[in-house]
Amino acid sequence: AQSVTQLGSHVSVSEGALVLLRCNYSSSVPPYLFWYVQYPNQGLQLLLKYTTGATLVKGINGFEAEFKKSETSFHLTKPSAHMSDAAEYFCAVSALDTNAGKSTFGDGTTLTVKP
Amino acid sequence: DARVTQTPRHKVTEMGQEVTMRCQPILGHNTVFWYRQTMMQGLELLAYFRNRAPLDDSGMPKDRFSAEMPDATLATLKIQPSEPRDSAVYFCASGGALQGTQYFGPGTRLLVL
Numbered sequence: 001a002q003s004v005t006q007l008g009s010h011v012s013v014s015e016g017a018l019v020l021l022r023c024n025y026s027s028s029v030p031p032y033l034f035w036y037v038q039y040p041n042q043g044l045q046l047l048l049k050y051t052t053g054a055t056l057v058k059g060i061n062g063f064e065a066e067f068k069k070s071e072t073s074f075h076l077t078k079p080s081a082h083m084s085d086a087a088e089y090f091c092a093v094s095a096l097d098t099n100a101g102k103s104t105f106g107d108g109t110t111l112t113v114k115p
Numbered sequence: 001d002a003r004v005t006q007t008p009r010h011k012v013t014e015m016g017q018e019v020t021m022r023c024q025p026i027l028g029h030n031t032v033f034w035y036r037q038t039m040m041q042g043l044e045l046l047a048y049f050r051n052r053a054p055l056d057d058s059g060m061p062k063d064r065f066s067a068e069m070p071d072a073t074l075a076t077l078k079i080q081p082s083e084p085r086d087s088a089v090y091f092c093a094s095g096g097a098l099q100g101t102q103y104f105g106p107g108t109r110l111l112v113l
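Going line by line, the protein sequences match chains A and B. My numbering puts the last residue of the first sequence at 115; the count rises by one with no breaks. My numbering puts the last residue of the second sequence at 113; the count rises by one with no breaks.
Since the hints were made in silico from the structure, they are not lab data. Glycine included, C-beta positions come from ideal geometry on N, C-alpha and C. The hints are all genuine.
Here are the simulated SDA-like cross-link-like pairs (lysine to any residue), alpha carbons at most 20 Å apart as the crow flies:
{"no.": "1", "chain 1": "B", "residue 1": "Lys-78", "chain 2": "B", "residue 2": "Val-19"}
{"no.": "2", "chain 1": "B", "residue 1": "Lys-11", "chain 2": "A", "residue 2": "Pro-40"}
{"no.": "3", "chain 1": "B", "residue 1": "Lys-11", "chain 2": "A", "residue 2": "Gln-42"}
{"no.": "4", "chain 1": "A", "residue 1": "Lys-58", "chain 2": "A", "residue 2": "Pro-79"}
{"no.": "5", "chain 1": "A", "residue 1": "Lys-114", "chain 2": "A", "residue 2": "Ala-17"}
{"no.": "6", "chain 1": "A", "residue 1": "Lys-49", "chain 2": "B", "residue 2": "Arg-3"}
{"no.": "7", "chain 1": "A", "residue 1": "Lys-58", "chain 2": "B", "residue 2": "Tyr-103"}
{"no.": "8", "chain 1": "A", "residue 1": "Lys-49", "chain 2": "A", "residue 2": "Thr-109"}
{"no.": "9", "chain 1": "A", "residue 1": "Lys-58", "chain 2": "A", "residue 2": "Gln-38"}
{"no.": "10", "chain 1": "A", "residue 1": "Lys-69", "chain 2": "A", "residue 2": "Ser-27"}
{"no.": "11", "chain 1": "A", "residue 1": "Lys-49", "chain 2": "B", "residue 2": "Tyr-103"}
{"no.": "12", "chain 1": "A", "residue 1": "Lys-49", "chain 2": "B", "residue 2": "His-29"}
{"no.": "13", "chain 1": "B", "residue 1": "Lys-62", "chain 2": "B", "residue 2": "Val-19"}
{"no.": "14", "chain 1": "A", "residue 1": "Lys-69", "chain 2": "A", "residue 2": "Thr-51"}
{"no.": "15", "chain 1": "A", "residue 1": "Lys-49", "chain 2": "B", "residue 2": "Gly-96"}
{"no.": "16", "chain 1": "B", "residue 1": "Lys-78", "chain 2": "B", "residue 2": "Asp-57"}
{"no.": "17", "chain 1": "B", "residue 1": "Lys-62", "chain 2": "B", "residue 2": "Thr-20"}
{"no.": "18", "chain 1": "A", "residue 1": "Lys-69", "chain 2": "A", "residue 2": "Ser-3"}
{"no.": "19", "chain 1": "A", "residue 1": "Lys-58", "chain 2": "A", "residue 2": "Leu-46"}
{"no.": "20", "chain 1": "A", "residue 1": "Lys-69", "chain 2": "A", "residue 2": "Gln-2"}
{"no.": "21", "chain 1": "A", "residue 1": "Lys-49", "chain 2": "A", "residue 2": "Asp-85"}
{"no.": "22", "chain 1": "B", "residue 1": "Lys-78", "chain 2": "B", "residue 2": "Pro-8"}
{"no.": "23", "chain 1": "B", "residue 1": "Lys-11", "chain 2": "A", "residue 2": "Asn-41"}
{"no.": "24", "chain 1": "A", "residue 1": "Lys-69", "chain 2": "A", "residue 2": "Tyr-25"}
Output of the computed footprint for chain A on chain B, the stretches with three or more beta carbons under 8 Å from beta carbons of chain A:
{"no.": "25", "stretch": "33-45"}
{"no.": "26", "stretch": "48-56"}
Computed Cβ-Cβ distance ranges for the label pairs, DEER-style:
{"no.": "27", "chain 1": "B", "residue 1": "Arg-22", "chain 2": "A", "residue 2": "Pro-40", "range": "21 to 27 Å"}
{"no.": "28", "chain 1": "A", "residue 1": "Thr-77", "chain 2": "B", "residue 2": "Met-15", "range": "42 to 48 Å"}
{"no.": "29", "chain 1": "B", "residue 1": "His-10", "chain 2": "A", "residue 2": "Leu-46", "range": "23 to 29 Å"}
{"no.": "30", "chain 1": "A", "residue 1": "Lys-68", "chain 2": "B", "residue 2": "Glu-18", "range": "45 to 51 Å"}
{"no.": "31", "chain 1": "B", "residue 1": "Gly-42", "chain 2": "A", "residue 2": "Ser-28", "range": "20 to 26 Å"}
{"no.": "32", "chain 1": "B", "residue 1": "Leu-74", "chain 2": "A", "residue 2": "Lys-68", "range": "40 to 46 Å"}
{"no.": "33", "chain 1": "A", "residue 1": "Ala-17", "chain 2": "B", "residue 2": "Gly-42", "range": "25 to 31 Å"}
{"no.": "34", "chain 1": "A", "residue 1": "Ser-9", "chain 2": "B", "residue 2": "His-10", "range": "26 to 32 Å"}
{"no.": "35", "chain 1": "A", "residue 1": "Leu-56", "chain 2": "B", "residue 2": "Leu-111", "range": "40 to 46 Å"}
{"no.": "36", "chain 1": "A", "residue 1": "Gly-62", "chain 2": "B", "residue 2": "Gln-80", "range": "42 to 48 Å"}
Construct all of the structure, not just a fragment, from the sequences and the given hints.
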């Protein structure tokens, strides 16, 4: 079984500031980890994912995340926030087990970017 | 550019009416998911299918909700009878890889009066 905890339901940053969205996971088997973004009135879309290999994963729009097994974390970062980054972000975990293909999603973090 | 499509995009109906939502998964994807999203409950998994067979519908109120995949290109979610508490955005997503990337449709925004 897997679970995801996103720390902070709302994060506010100034334009140009560092973005850090936190995600911790629990999984009984090696996890696959995802970050999705949801813009207003749209469905979720994949930002980046970790399956195997390099633990620092780069995604679209300048975002990246690092898989840290010892800390069971997969935090999302972006060096410099842009107004267009304002959205809701979801961390998700899945595993190659009997529920392969199914993901468990976190509760989401709403990112606000102030001018 | 392959996408998941959902119809209708918006639906307003009266309590007690039947609602049918349709989803066309990305061609070749063998896993289909139905989610419901509300401000209060967030994103909830209602049901999912693999190779058209239902694997888990434990998140769905069985007395009024039903989900089917008549063929590989169509998934349906029905509510009968609908209630005001069913008002939400319903998303369909499909996936083709065991690693679990899901591709979401634009959603059906349902309002039950």
